[in-house]
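Under this note's numbering, the very last position in the sequence shown is 843; numbers go up by exactly one each time.
Everything labelled a hint here was simulated from the structure, so no lab data went into it. The model shown is predicted, which means the values in this text are computed figures rather than measured ones. Where is the CB? At the ideal position from N, CA and C, for every residue including glycine. One should not assume that every hint holds.
Once the Cα atoms are required to be at most 30 Å apart in a straight line, the calculated DSSO-like pairs of lysine-lysine come out as [as the list claims (entries may be wrong)]:
1. Lys694 <-> Lys582
2. Lys694 <-> Lys785
3. Lys582 <-> Lys558
4. Lys766 <-> Lys694
5. Lys766 <-> Lys785
6. Lys342 <-> Lys510
7. Lys668 <-> Lys694
8. Lys558 <-> Lys510
9. Lys558 <-> Lys668
Quick list of simulated restraints, FRET-style, between CB atoms [as the list claims (entries may be wrong)]:
10. Ala397 <-> Phe148: 23 to 33 Å
11. Ser521 <-> Glu153: 33 to 43 Å
12. Arg374 <-> Ile350: 19 to 29 Å
13. Leu748 <-> Ser628: 43 to 53 Å
14. Thr780 <-> Gly651: 16 to 26 Å
15. Thr780 <-> Lys668: 40 to 50 Å
16. Ala233 <-> Leu160: 50 to 60 Å
17. Arg665 <-> Ala413: 29 to 39 Å
18. Pro662 <-> Ala413: 20 to 30 Å
19. Ala259 <-> Phe388: 10 to 20 Å
20. Glu817 <-> Arg665: 40 to 50 Å
21. Lys668 <-> Lys694: 22 to 32 Å
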Amino acid sequence: MLANLKAIPFYFLRPVEVFRSYQLSDLRPDLVAGITVAVISLPQAIAYALVAGLPPQMGLYAAIVAPIVAALWGSSRQLQTTPTTALSLLVFASLSATAPPGTPQIVVAAGLLAVLAGIVQVAMGLARLGVLVNFVSDAVIVGFAAGAGVQIATSELRHLFGLSFPSGTLIETIGNLVAHLPQTNLPTLALGLGTLLLMVLLQRLKPELPAMVISLVVASAVLVVLGLSHAGVKVIGRLPSSLPPVARLPLFNLNLIADLAPGALAIAALALIQAIAIARSLAAQTGERLESNQEFVGQGLANIACGFLSGYPTGGSLSCSAINYEAGAQTALASVFSGLFTLVGMLTLAPLGVFLPRAALSGVLIVVGLSMIKQRQMMHILRSSPGDGLIMVVTFVGTLFLRIDFAVLAGISMSLGYYILKTSAPRVLPVVPDDNFRHLAHQPRKPGCPQLAIFDVLGDLYFGAVNHVEETIRRHQASHPGQRFLLLRMHSVQHCDISGVHMLEGILRSYRERGGDLFLTRVRAPVLRLMKATGFYDTLGADHFLNEDEAIEYLFYKVLDPAICIYESDVRVFRECQNLPRPDHAVEILVPTDIPIRGVPDVSPRDLWQQLHSDRPPRVIDVREPREFKQGHIPHAQLVPLPTLLSEKLELARDGTVVFVCRGGRRSTRAAAIARDQGYENVAVLQGGMLAWEAAGLLKAIDYDGN
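Please build the complete structure, drawing on both the sequences and the hints.
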């Protein structure tokens, strides 16, 4: 927290870094990019302001102020921040309940709305909440954009037909359009449709040309040449020819703020999601490192500045950003230049607004609106993910028929809820070796090891997910009581909190109470640090954190009981158990799996060797199978396979010491425990079994018949 507070001043000193690192060699490409973007941004700003139900000059002021401020305080070098279609429609919906269109009150409310949205964005950036954008699905943006496109195209039809009726819901607009069709102004309709068709043709045949600019210029020329203004064709009118004025906003009007708050939240969220998505796509092409929290601050300051300088809310523009990148922009100053050139264009071309037909702008906006419906993306989302598909459909339908700010917030809430739902139920899959024993994979039809359960945990162990993980493991434990040992593969666990550690402690306790144990492999460094800090590392034991490549071998030779594999199961799951001997005679063995076998003393290989060479050597009983015994055994050892020992009563001298031997020490421990139950006190086991005897260099290969 203290580090976050110390970083706050640096967010506001970003312009110093921008100017300090600027190189004169970047000036020319930045100027070219700035001019190119301004040519596109100027008519867009006018059109999008009309979508928002605001005077054209508010769009121009926003297109001047926003790119300058966002570039200087943001993180991306290529991102262009201007009015956008989606945000303009959201602004219109947010303002419609506060003041009627065309009144001074709605202008003031739009400025206050921008300030409120900007404050939210700056606060999120300073609180380092930029990561939250990652949790909002693209389905929200695609669904909202499609719905907004339909709304924009529908709302512009009245201007395209030259009709006058109040704006309303989608159904009301269509109903009014049908009712007023006889009043259509044909010159207006012809000019609007001509502009629309020209723009579509230019986009398809000459995509490198600025189709919007050319279409509007041609429409203006037709208006002048044919004198259509006298035939009832409406025009935009003279544009302002002054610098953006400072707005007097009712900053302490709590009632108005309360009315605008939901819209401000929706605008802040949508604008940030759009901006970060565009900036990341551009950064992927340029190799630029994007700092999302800094971008949040830049976007917020841009909106605050727009609010105080007679603009309205803005966000990242995909079209202008793409043009900026393709025009060769090298630094953030390209956006600054685009704002300045937009200002120059407004001051110089202001009188020409009287020649700009409103119907032509409607034709352009209908094309823009319909282009927002990304059919391929929508079909891809529907096919690839049912959850994302539902989010997209709900957001799309909500945008059409509900309050738009509510639809956006509902879509974002559903996206976050869907993320929580997915991460709270990570997949916990049992895995077994493949046919080549090279990889562990989820193969439901293949049998598992009778003693060892192996699970891949495919998700984080945080408080919302631990119940699902624990229930999955405990269900498996209850249905497979013989699997006393559990190996968890943790390579997909990126994050673990204290709840995750407590869950692992419960799993460990459950397995150890049944005479088993828990082992982990591929634990990531951050998770391992938490385990050490909480004491779980010591509770589990350092030797229980296994190397992935050696885990199965270690468990097979050091932990699992070969008696169970040899005498109770015909399943051979691992490479290591393929050569396990099978019993020469059938015998039923009831292997206790609920309690561990403990308390039998052991003797080291070197000590046993010395005892065998003493005056009173112990009696050595080898409980392995004959085939194992034949491969090598301790001199003078007596072969008594474990099935024989379990099925017949021991007949041993009670005054001497008996040492039981097997391959790794587990069958011999069981045999020694049985001997003690039958009254033999002086029993022991060879520590580590024949593997340890061989490792000590004491093994002597002897023919089976020659003992």
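Verification of the hints:
1. For a cut-off of 30 Å, the pair hint linking lysine 694 to lysine 582 stands: about 24 Å separates their Cα positions.
2. Taking the CA atoms of lysine 694 and lysine 785, the gap is near 29 Å; set against the 30 Å cutoff, the hint holds.
3. Between lysine 582 and lysine 558 the alpha-carbon distance is near 27 Å, which keeps this suggested pair within the 30 Å criterion.
4. A distance of roughly 22 Å separates the Cα atoms of lysine 766 and lysine 694; the hinted pair therefore holds under the 30 Å criterion.
5. In summary, the hint linking lysine 766 to lysine 785 is supported, as the alpha carbons are separated by about 24 Å, within the 30 Å threshold.
6. As the CA atoms of lysine 342 and lysine 510 are separated by approximately 21 Å, the hinted pair is consistent with the 30 Å bound.
7. As the CA atoms of lysine 668 and lysine 694 are separated by approximately 24 Å, the hinted pair is consistent with the 30 Å bound.
8. Among the hinted pairs, lysine 558 with lysine 510 is consistent with the structure: their alpha-carbon atoms are about 26 Å apart, no more than 30 Å.
9. Among the hinted pairs, lysine 558 with lysine 668 is consistent with the structure: their alpha-carbon atoms are about 28 Å apart, no more than 30 Å.
10. The supplied range of 23 to 33 Å is met by alanine 397 and phenylalanine 148, whose beta-carbon atoms lie about 25 Å from each other.
11. Taking the beta carbon of each, serine 521 and glutamate 153 are about 40 Å apart, inside 33 to 43 Å as hinted.
12. Range check, arginine 374 to isoleucine 350: Cβ separation about 23 Å, and the 19 to 29 Å hint holds.
13. Checked against the hint of 43 to 53 Å, the pair leucine 748 and serine 628 passes, with Cβ atoms roughly 51 Å apart.
14. Distance hint check for threonine 780 and glycine 651: the Cβ-Cβ separation is about 25 Å, which falls inside the suggested range of 16 to 26 Å.
15. At about 48 Å, the CB distance of threonine 780 to lysine 668 agrees with the hint of 40 to 50 Å.
16. The supplied range of 50 to 60 Å is met by alanine 233 and leucine 160, whose beta-carbon atoms lie about 51 Å from each other.
17. Checked against the given bound of 29 to 39 Å, the beta carbons of arginine 665 and alanine 413, roughly 33 Å apart, stay inside it.
18. Judged by the Cβ atoms, the range 20 to 30 Å given for proline 662 and alanine 413 holds: they are separated by roughly 28 Å.
19. At roughly 19 Å, the beta carbons of alanine 259 and phenylalanine 388 sit within the given window of 10 to 20 Å.
20. Range check, glutamate 817 to arginine 665: Cβ separation about 48 Å, and the 40 to 50 Å hint holds.
21. Distance hint check: the CB atoms of lysine 668 and lysine 694 are about 23 Å apart, consistent with the given range 22 to 32 Å.
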